[in-house]
Amino acid sequence: MTESQRDRVAPDARIVRVRGLHYAAGGRSIFSGLDLDIAPGTVTAIMGPSGTGKTTLLRLITGQARADRGEVLVDGQDVGRLDRPSLYRLRRRMGMLFQNGALLTDLDVFENVAFPLREHARLPESLVHHLVLTKLHAVGLRGAAGLMPNELSGGMARRVALARAIVMDPEILVYDEPFVGLDPISLGVVLRLIRELNDALGITSIVVSHDVREIAAVADAAYLLSGGKVVASGTPAALADSDSAEVRQFMRGLPDGPVPFHYPAPDYAGQLFGDELT
Amino acid sequence: MKRLAHELAERIGDSLVSLGRYTLFTLRLLAETPRALLRFRLVVEQVHNAGALSLVIIMLSGLFVGMVLGLQGFDLLERFGSEDSLGTAAALGLVKELGPVVTALLFAGRAGTALASELGLMRATDQLSAMEMMAVDPVRRVVMPRFLGGVFSMPLLAAVFSMIGIFGAQLVGVQLMGVDPGQFWSQMRGAVEHDDVLEGVIKSCVFGVACSAIAVYEGYHSIPTAEGVGRATTRTVVISSVVVLLLDYMLTAVML
Numbered sequence: 001m002t003e004s005q006r007d008r009v010a011p012d013a014r015i016v017r018v019r020g021l022h023y024a025a026g027g028r029s030i031f032s033g034l035d036l037d038i039a040p041g042t043v044t045a046i047m048g049p050s051g052t053g054k055t056t057l058l059r060l061i062t063g064q065a066r067a068d069r070g071e072v073l074v075d076g077q078d079v080g081r082l083d084r085p086s087l088y089r090l091r092r093r094m095g096m097l098f099q100n101g102a103l104l105t106d107l108d109v110f111e112n113v114a115f116p117l118r119e120h121a122r123l124p125e126s127l128v129h130h131l132v133l134t135k136l137h138a139v140g141l142r143g144a145a146g147l148m149p150n151e152l153s154g155g156m157a158r159r160v161a162l163a164r165a166i167v168m169d170p171e172i173l174v175y176d177e178p179f180v181g182l183d184p185i186s187l188g189v190v191l192r193l194i195r196e197l198n199d200a201l202g203i204t205s206i207v208v209s210h211d212v213r214e215i216a217a218v219a220d221a222a223y224l225l226s227g228g229k230v231v232a233s234g235t236p237a238a239l240a241d242s243d244s245a246e247v248r249q250f251m252r253g254l255p256d257g258p259v260p261f262h263y264p265a266p267d268y269a270g271q272l273f274g275d276e277l278t
Numbered sequence: 001m002k003r004l005a006h007e008l009a010e011r012i013g014d015s016l017v018s019l020g021r022y023t024l025f026t027l028r029l030l031a032e033t034p035r036a037l038l039r040f041r042l043v044v045e046q047v048h049n050a051g052a053l054s055l056v057i058i059m060l061s062g063l064f065v066g067m068v069l070g071l072q073g074f075d076l077l078e079r080f081g082s083e084d085s086l087g088t089a090a091a092l093g094l095v096k097e098l099g100p101v102v103t104a105l106l107f108a109g110r111a112g113t114a115l116a117s118e119l120g121l122m123r124a125t126d127q128l129s130a131m132e133m134m135a136v137d138p139v140r141r142v143v144m145p146r147f148l149g150g151v152f153s154m155p156l157l158a159a160v161f162s163m164i165g166i167f168g169a170q171l172v173g174v175q176l177m178g179v180d181p182g183q184f185w186s187q188m189r190g191a192v193e194h195d196d197v198l199e200g201v202i203k204s205c206v207f208g209v210a211c212s213a214i215a216v217y218e219g220y221h222s223i224p225t226a227e228g229v230g231r232a233t234t235r236t237v238v239i240s241s242v243v244v245l246l247l248d249y250m251l252t253a254v255m256l
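Residue numbers (this note's numbering), protein chains in the order written: chain W, 1 to 278; chain U, 1 to 256.
Do not take every clue at face value.
[As the list claims (entries may be wrong)] Residues from chain W shown here face chain U by an in silico Cβ test under 10 Å; the list is partial:
#1 V16
#2 A161
#3 R164
#4 A165
#5 M168
#6 F273
[What the hints assert, rightly or not] Sample of chain U residues lacking proximity to chain W, with all beta carbon distances greater than 12 Å (derived):
#7 L105
#8 A130
#9 Q183
#10 L247
[As the list claims (entries may be wrong)] Short derived list, chain U residues pointing at chain W, Cβ under 8 Å:
#11 D14
#12 S15
#13 S18
#14 A135
Because the hints were derived from the structure by calculation, they are not lab data. Note that the structure is predicted; figures quoted are calculated from it, not measured. Here a beta-carbon is modelled for each residue, glycine too, at the ideal position from N, C-alpha and C.
Excised from the complex, chain W in its bound form (with noise of 0.2 Å):
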């Protein structure tokens, strides 16, 4: 999306909407004026290599980290700015899938798709156990409600994390690389589930993710990061077809290019041969 593009959209059509945002840590600075808009109800990749910034961006969005300077709007709301028990209430309208899936390793599956509910709602148990059953039954582990995290496989742990994510039914998903160590099956399954969740809830997604052909497959729309800015955005097919080599070598996965595939080093010969150790 260009910016002329991006500000035609009516503001209140961005659900997240990030401005000259500038970002540091540990003396390194990690966003130089991102800009950045989502859609609701969309899919929305975040891509980059790594080191980029990707699930730091996340971070800003969902609040477990402030700015240092610029917005982080979401659902018109400045992130940065809002006291926790305002940042409470934003976060009950969003899930987040971590990378890892982030169980409660002294819950089993059920306890630990129902946490949310127990947490924040005084509901039945009979509704509890159907609200539990539904969301495990959408996620195909309906049958795994009795097992401990440390008995699941990953792709399953990060299906449970899933059920827990919506169980509480968000407007807002965010995945935080959710493809990685995945086998082909689980793969296809999470992939799948990203994009029906989205459409069967209503849900705008915001899927973290450096699998340029998973992520195409199912995103709505694409942003590439490098260098602490927005490199490129539009439709994954779009992206793909680029002329700009930065976006090209992302895309293609070629080892060399804009990003070298050497780390910046002394002269080889003069290295290997001269004095210079180091």
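For this one, chain W is given, so just place chain U on it according to the hints.
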């Protein structure tokens, strides 16, 4: 020399900052206590984890400490011809001093390390972040029940330790060394006052707050790596042990 002084000043500054953080965290825990007590089921679970699961080590240690006290006490008192006072000596030593202190040191090694490593691993595996994302405050849901579980367990464990210790002292003194059982028990009942027991209870309550706060602080603030969790566990034992001995001296000086 200048560099050494600079490093020393930096270390002292860091220590003061840590002390401040500890104090603020402990104050927050104390402020959250009334609300946490409303979810008593969670606290009871943690009393089981921190207390009931430490019972075996506490009982075994109490027995051996009591038996050693019986032997040493008998040897010492025999020199003054007052071995009949063994019951009093053992009871006072256990109830006022050894019970609370040794229980606290064992608690730091058994339950404190378990608390710190559990919280550290929860941090490392994003479980605490996941709770934050579910709009659930991890301090209220996870830290508070564990803190209170430790606080409630400590005096109970210290009481069990002292009781088993007295039994151990009796076992050696009366059964092995031949102290008159009537004298052993009656002198103990006559000499041990309510205030002596209260002193032990106060000490174990204070140690309970200190050891539990240290364990949950270290675990909750650990660096989310294997090394970070290991370091938090070690720091829990080291800091708890030193703090318990320091507090013991201060409390004894105040209450004597």
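Here is what the structure says about each hint:
no.: 1; hint: V16; in the structure: violated (16 Å)
no.: 2; hint: A161; in the structure: holds (8 Å)
no.: 3; hint: R164; in the structure: holds (8 Å)
no.: 4; hint: A165; in the structure: holds (8 Å)
no.: 5; hint: M168; in the structure: holds (8 Å)
no.: 6; hint: F273; in the structure: violated (39 Å)
no.: 7; hint: L105; in the structure: holds (27 Å)
no.: 8; hint: A130; in the structure: violated (4 Å)
no.: 9; hint: Q183; in the structure: holds (51 Å)
no.: 10; hint: L247; in the structure: holds (31 Å)
no.: 11; hint: D14; in the structure: violated (19 Å)
no.: 12; hint: S15; in the structure: violated (24 Å)
no.: 13; hint: S18; in the structure: violated (21 Å)
no.: 14; hint: A135; in the structure: holds (4 Å)
Hints 1, 6, 8, 11, 12, 13 from the list above are not met by this structure, while the remaining hints are.
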